[in-house]
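S.K.: So the chains spell out like this:
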Amino acid sequence: MTSSKTLLLVGGTSDIGRATALHYAQAGWRVLLAARNEEEARRNADDIAARTGAEVTTHRLDILEAGNFEGFVDGLPQLPDTVVCVVGELGDQARGQSDINHATLLVRTNFEGPALFLGFLAERFLARGSGTIVGVSSVAGDRGRGSNYLYGAAKAGFTAFLSGLRNRLAPKGLRVLTVKPGFVRTQMTAGMKLPPLLTAEADEVGRAIFTAAEKGGSDVIYVRRIWRPVMMVIGSIPERIFKNLRL
Amino acid sequence: MTELTGWGRYPRHPSEVLSPASPKALLPLIAHETGLVARGNGRAYGDAAIGERITLLARGLDRIRSFDQATGRISVEAGVLLSDLLDLVVPRGFFPPVVPGTKFVTIGGMIASDVHGKNHHRDGGFGDHLESLTLALPDGSTVLCSRDQNPELMWATIGGMGLTGTILEATFRLRRIETGWMRQKTTVAPNLDSAIRALKDTSDATYSVAWIDCLARGASLGRSLIFAAEHATLRDVEALSPSAEPFPSSKLGRLSVPLDLPSFTLNRLSVSAFNELYFRSGAIKAGYPFLVHWNPYFFPLDGIGNWNRIYGRRGFLQYQCVIPTDRAKSVLGHILERVSQRGTASFLAVLKQLGSSRGDISFPLEGFTLTLDLPVTDDVFSLLDELDRSVVEAGGRLYLAKDARQSPATFEAGYPGLTRFRDLRRAIRATGRISSRLSARLGI
Numbered sequence: 001m002t003s004s005k006t007l008l009l010v011g012g013t014s015d016i017g018r019a020t021a022l023h024y025a026q027a028g029w030r031v032l033l034a035a036r037n038e039e040e041a042r043r044n045a046d047d048i049a050a051r052t053g054a055e056v057t058t059h060r061l062d063i064l065e066a067g068n069f070e071g072f073v074d075g076l077p078q079l080p081d082t083v084v085c086v087v088g089e090l091g092d093q094a095r096g097q098s099d100i101n102h103a104t105l106l107v108r109t110n111f112e113g114p115a116l117f118l119g120f121l122a123e124r125f126l127a128r129g130s131g132t133i134v135g136v137s138s139v140a141g142d143r144g145r146g147s148n149y150l151y152g153a154a155k156a157g158f159t160a161f162l163s164g165l166r167n168r169l170a171p172k173g174l175r176v177l178t179v180k181p182g183f184v185r186t187q188m189t190a191g192m193k194l195p196p197l198l199t200a201e202a203d204e205v206g207r208a209i210f211t212a213a214e215k216g217g218s219d220v221i222y223v224r225r226i227w228r229p230v231m232m233v234i235g236s237i238p239e240r241i242f243k244n245l246r247l
Numbered sequence: 001m002t003e004l005t006g007w008g009r010y011p012r013h014p015s016e017v018l019s020p021a022s023p024k025a026l027l028p029l030i031a032h033e034t035g036l037v038a039r040g041n042g043r044a045y046g047d048a049a050i051g052e053r054i055t056l057l058a059r060g061l062d063r064i065r066s067f068d069q070a071t072g073r074i075s076v077e078a079g080v081l082l083s084d085l086l087d088l089v090v091p092r093g094f095f096p097p098v099v100p101g102t103k104f105v106t107i108g109g110m111i112a113s114d115v116h117g118k119n120h121h122r123d124g125g126f127g128d129h130l131e132s133l134t135l136a137l138p139d140g141s142t143v144l145c146s147r148d149q150n151p152e153l154m155w156a157t158i159g160g161m162g163l164t165g166t167i168l169e170a171t172f173r174l175r176r177i178e179t180g181w182m183r184q185k186t187t188v189a190p191n192l193d194s195a196i197r198a199l200k201d202t203s204d205a206t207y208s209v210a211w212i213d214c215l216a217r218g219a220s221l222g223r224s225l226i227f228a229a230e231h232a233t234l235r236d237v238e239a240l241s242p243s244a245e246p247f248p249s250s251k252l253g254r255l256s257v258p259l260d261l262p263s264f265t266l267n268r269l270s271v272s273a274f275n276e277l278y279f280r281s282g283a284i285k286a287g288y289p290f291l292v293h294w295n296p297y298f299f300p301l302d303g304i305g306n307w308n309r310i311y312g313r314r315g316f317l318q319y320q321c322v323i324p325t326d327r328a329k330s331v332l333g334h335i336l337e338r339v340s341q342r343g344t345a346s347f348l349a350v351l352k353q354l355g356s357s358r359g360d361i362s363f364p365l366e367g368f369t370l371t372l373d374l375p376v377t378d379d380v381f382s383l384l385d386e387l388d389r390s391v392v393e394a395g396g397r398l399y400l401a402k403d404a405r406q407s408p409a410t411f412e413a414g415y416p417g418l419t420r421f422r423d424l425r426r427a428i429r430a431t432g433r434i435s436s437r438l439s440a441r442l443g444i
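One line per chain: the protein sequences are H and P, in this order. Just so you know, full-length UniProt numbering puts 203 at position 203 of the first sequence, and the rest follows in order with no gaps. Just so you know, full-length UniProt numbering puts 284 at position 284 of the second sequence, and the rest follows in order with no gaps.
No lab work stands behind these hints: they were computed from the structure. From a predicted model like this one, the values you see are computed outputs, not experimental measurements. The reader is advised that the hints may include incorrect statements.
Far from chain P by the CB rule (all over 12 Å, computed), these chain H residues [stated by the list, open to error]: (1) 42; (2) 48; (3) 108; (4) 116; (5) 143; (6) 171; (7) 216; (8) 238.
Over the 10 Å line for every Cβ pair with chain H, so calculated as not near, a few chain P residues [stated by the list, open to error]: (9) 21; (10) 22; (11) 60; (12) 67; (13) 149; (14) 151; (15) 171; (16) 289; (17) 290; (18) 293; (19) 304; (20) 306; (21) 324; (22) 355; (23) 375.
Some chain P residues close to chain H (C-beta under 10 Å, calculated; not the full set) [what the hints assert, rightly or not]: (24) 33; (25) 64; (26) 119; (27) 123.
Each residue gets a CB set at the ideal place from its N, CA and C atoms; glycine is no exception.
Using the sequences and the accompanying hints, generate a full structural model.
M.R.: Quick look at the structure:
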C-alpha cells in the first residue's frame with residue numbers, strides 16, 4: 001500500500017465522488033477531497049481513511065468561483081497526479097425553462113465550472129509535464145432531449161471541452177478521460193424509476209473510473225457497455241423523426 | 001406513499017418514505033415531522049420499522065467514522081450494514097462482539113433491537129458492548145449516551161425499537177480473532193429435554209445454538225442438533241485443515257429465491273424432507289470438531305437471497321419467545337407439540353440459551369428462547385394467541401423485532417420495564433411523535 005501518488009477529487013460529497021476516491025485510496029493513493037461543503041466532505045474523508053488507512057484531506061472549493069482557483073491549487077499540499085471532476089447538477093428542466101437563475105445554475109455547474117477548473121489545472125499539469133485529467137460528463141450530452149436539454153447541453157459542452165483538451169494534450173503525453181456513467185443510483189437520482197439494466201451503482205462507476213484512468217484503455221468510456229449501442233441508436237435517428245419523439 | 005412490510009412480509013402498511021443523506025439532514029425531519037420512526041435495512045419481521053406516518057430510511061448514514069486497529073474500537077453511523085462492517089474488519093483480525101442471525105442488518109437496527117447472538121449466555125446482547133451512542137431526540141437536538149452520560153437514555157434506546165429518537169452513531173469494541181474460521185462441534189440431542197441439557201452443558205462454549213426438527217413427535221419431540229463453536233485459533237487451523245487460508249474469502253456462492261413461491265410448496269412433505277436432510281448432514285459430523293467459515297456458521301440463511309419469499313405472497317410470522325429456565329422444558333414442549341400437530345410446520349426452529357439484559361424493553365431474560373416460522377394462514381393467529389397465554393403464564397415474553405401480532409396485554413405482561421420506558425418517552429416528548437406501527441399497535 002505504498003504509493004506517492006495523489007488524487008484530487010472534485011465533488012467530494014457526491015456518491016460517485018466518494019466511490020471513486022475509495023477505489024483510489026484502496027490502491028494506496030493519497031486523496032484530496034474538494035467540495036463546497038467541507039463538513040460533508042469530512043464525513044467521506046473520515047470514512048475512506050477508516051476503511052483504507054489512506055491519508056485523506058478535505059479542501060474547500062466552489063466550482064463557480066473561478067477567481068479562487070489559483071489560490072485553491074496553490075494551497076493544496078501538492079499538485080495531484082490525477083484530477084477527477086464529478087461535479088454535476090441534474091436540476092429541474094421544467095423549472096429551468098421559466099426560471100433563468102435555475103437555468104444559469106445548471107449551465108454553470110455542469111459546464112462552466114468543471115471546464116474552467118480542469119482547464120486551469122491542465123496548464124499546471126502541462127508545466128510539470130505529467131498528469132491525468134478525468135471529467136465525468138453524461139450520456140445526456142450525446143443528444144439534446146426535451147426532458148433535460150439544459151443539463152444535456154451543458155454536459156455536451158463539457159464533453160466537447162474535454163475532447164478539445166485531449167486533442168491538445170495527447171501529443172504532450174497527458175491523458176484526458178471522458179466518463180459517461182449513464183443512469184447511476186445516487187442521492188441525485190433517489191426516488192426516480194430507473195431501468196435496472198442501464199443503471200449502475202456508484203461503486204461500479206468508481207471502479208470504472210479508476211481502471212480506465214490508471215490502467216489505460218479508451219479515452220471516452222460508458223460505464224455500462226450497453227450505453228454505447230443505445231446512444232448510437234439514439235444518435236442515428238433522423239432529426240425529422242427525433243423531434244416528434246417524447247424523450 | 002409506499003407500501004412497506006418487514007422481512008416477514010406481513011403486515012403491509014402505507015407510509016411516506018424519506019431518505020436523509022446525512023445525520024445533519026435528518027435532524028430537521030425529526031424536529032418538524034410527527035408519527036415517524038427510523039428504518040435500517042428492513043429486517044425486523046413485523047411492523048417495528050414502519051412509521052405510523054413517515055419512515056426515515058437510515059441507509060444514507062453509512063459512513064465509518066473511525067477505526068482504531070490497535071484497540072479494535074470502531075465508530076460508525078447507524079445505517080452501516082453489518083455485512084459491510086464484517087468485510088472491513090474480519091480480514092484485519094476483528095469480529096463484532098455480538099452478531100444476530102443475519103448480517104443484512106444495520107448497526108442502528110442491532111442497537112434498537114438489542115440483538116442477541118449465539119453467545120448471549122456468555123457475552124450478553126449487542127447493547128452490552130456499546131461504549132456510546134449518539135441519539136437524535138424528538139426536538140432535533142443530539143445527545144451522547146454512555147454508561148456515564150445520560151445512562152437512562154442509553155438503556156431505553158438499547159432494545160427501544162427506535163422509539164426514543166433516531167440513533168445516529170455508535171462506538172463499540174471489536175473482539176480479536178486469529179482466523180476467519182469457526183471450530184465447530186455438533187452433538188445430537190434425541191429430544192427436547194436433552195437439547196436443553198446439552199445447551200446448559202455447552203454454556204462454557206462461546207457460541208452455542210440448537211436446531212430443532214420440529215416435526216419429530218412423541219418421544220422424539222424436540223430432537224435437535226447442537227452447534228457449539230469457538231473462533232478457531234491459528235493452531236486449530238493448523239491441526240484441522242493445514243492447507244486452509246487463515247482468512248478465507250467471504251465471497252461464497254449465493255442462491256436466491258427469485259419469485260414468490262406458491263404457498264403449497266411449503267407443505268408438510270417438503271418441510272419434513274428439509275428437516276430430515278438437515279438433521280442427517282449435521283449428524284454425520286457429530287462429535288468431531290471441524291472448521292466452518294464464519295459466514296455460514298453465523299448467517300446460514302443469508303446464503304439464500306430473499307428466502308422470505310419461500311412462504312408466498314401472504315408472508316409469514318416469526319414467533320420468538322423466551323421462557324425462564326425453570327419453566328422452559330414444559331412450556332417449550334407444549335409449544336412444539338401444538339405447532340407440530342398443526343402440520344404446516346416451521347421451516348426453521350431454533351433453540352438458544354439466553355442470559356439477562358439491561359435495556360428497559362430489551363428482549364433477553366435468563367432462560368431459553370425458541371424461534372419458529374409460520375406461514376400466514378387464517379387459523380395461525382388463534383394458535384399463536386393460545387401459545388401467548390402459556391408464555392405469559394410462565395413469565396416469558398415475545399421478541400419485538402419479530403412481532404407482528406401480539407396483543408397489548410401480552411406485551412405489557414412480559415415487559416415490566418415498560419412503565420419506565422413510557423415515562424421516559426413522555427419526558428423527551430417522544431410519545432405520539434416517534435411512533436411506528438408496532439408502537440401504535442401495542443400502545444407504547
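S.K.: All hints are to be evaluated individually against the structure, with a verdict given for each.
M.R.: Hint check:
1. Residue placement check: residue 42/H does not keep its beta carbon more than 12 Å from all beta carbons of chain P (closest about 10 Å).
2. A beta-carbon of chain P comes within 12 Å of the beta-carbon of residue 48/H; the shortest separation is about 9 Å.
3. Consistency note on residue 108/H: stated as away from chain P, and its beta-carbon is indeed over 12 Å from all of that chain's, at 23 Å minimum.
4. With a closest Cβ-Cβ approach of about 27 Å to chain P, residue 116/H is found to remain outside the 12 Å limit, as its non-interface label requires.
5. Listed as a non-interface residue, residue 143/H keeps its Cβ farther than 12 Å from every Cβ of chain P; the least gap is roughly 31 Å.
6. Non-interface status of residue 171/H relative to chain P is upheld: no Cβ of that chain comes within 12 Å, the nearest being about 43 Å off.
7. With 12 Å as the threshold on Cβ separation, the claim that residue 216/H sits away from chain P holds: the shortest Cβ distance comes to roughly 27 Å.
8. Every C-beta of chain P lies more than 12 Å from that of residue 238/H, the closest at about 41 Å, which supports listing it as non-interface.
9. Separation of residue 21/P from chain H is inadequate, the least Cβ-Cβ distance of about 5 Å not exceeding the 10 Å criterion.
10. For residue 22/P, the requirement that its beta carbon stay farther than 10 Å from each beta carbon of chain H is not met, with the minimum near 6 Å.
11. Residue placement check: residue 60/P does not keep its beta carbon more than 10 Å from all beta carbons of chain H (closest about 7 Å).
12. Under the 10 Å C-beta cut-off, the non-interface status given to residue 67/P relative to chain H is violated; the minimum distance is some 4 Å.
13. Annotated as non-interface, residue 149/P keeps its C-beta farther than 10 Å from every C-beta of chain H; the closest such distance is 22 Å.
14. Listed as a non-interface residue, residue 151/P keeps its Cβ farther than 10 Å from every Cβ of chain H; the least gap is roughly 27 Å.
15. Every C-beta of chain H lies more than 10 Å from that of residue 171/P, the closest at about 12 Å, which supports listing it as non-interface.
16. At roughly 34 Å, the least C-beta separation between residue 289/P and chain H is larger than 10 Å, which holds for a residue marked as non-interface.
17. Look at residue 290/P: its CB is around 33 Å from the nearest CB on chain H, clear of 10 Å, so calling it non-interface holds up.
18. Distance check for residue 293/P against chain H: the nearest CB is about 23 Å away, which clears 10 Å, and the non-interface claim stands.
19. No beta-carbon of chain H is positioned within 10 Å of the beta-carbon of residue 304/P; the least distance is around 21 Å.
20. The claim that residue 306/P lies off the interface holds: its Cβ sits roughly 15 Å from the closest Cβ of chain H, which is beyond the 10 Å cut-off.
21. No beta-carbon of chain H comes within 10 Å of the beta-carbon of residue 324/P; the shortest separation is about 42 Å.
22. With a least beta-carbon separation of about 32 Å from chain H, residue 355/P lies farther than 10 Å from that chain, consistent with its non-interface assignment.
23. Every CB of chain H is more than 10 Å from the CB of residue 375/P (nearest about 29 Å), matching its label as outside the interface.
24. A least Cβ separation of about 17 Å between residue 33/P and chain H goes past the 10 Å threshold, and the interface hint is therefore violated.
25. Evaluation of the residue 64/P hint against chain H yields a held restraint, the C-beta minimum of about 4 Å falling below 10 Å.
26. Here the hint on residue 119/P is broken, as its CB sits about 26 Å from the closest CB of chain H, past 10 Å.
27. Look at residue 123/P: its Cβ only gets to about 25 Å from chain H, farther than 10 Å, so that hint breaks.
When the structure is compared with the earlier hints, violations turn up for hints 1, 2, 9, 10, 11, 12, 24, 26, 27 and for no others.
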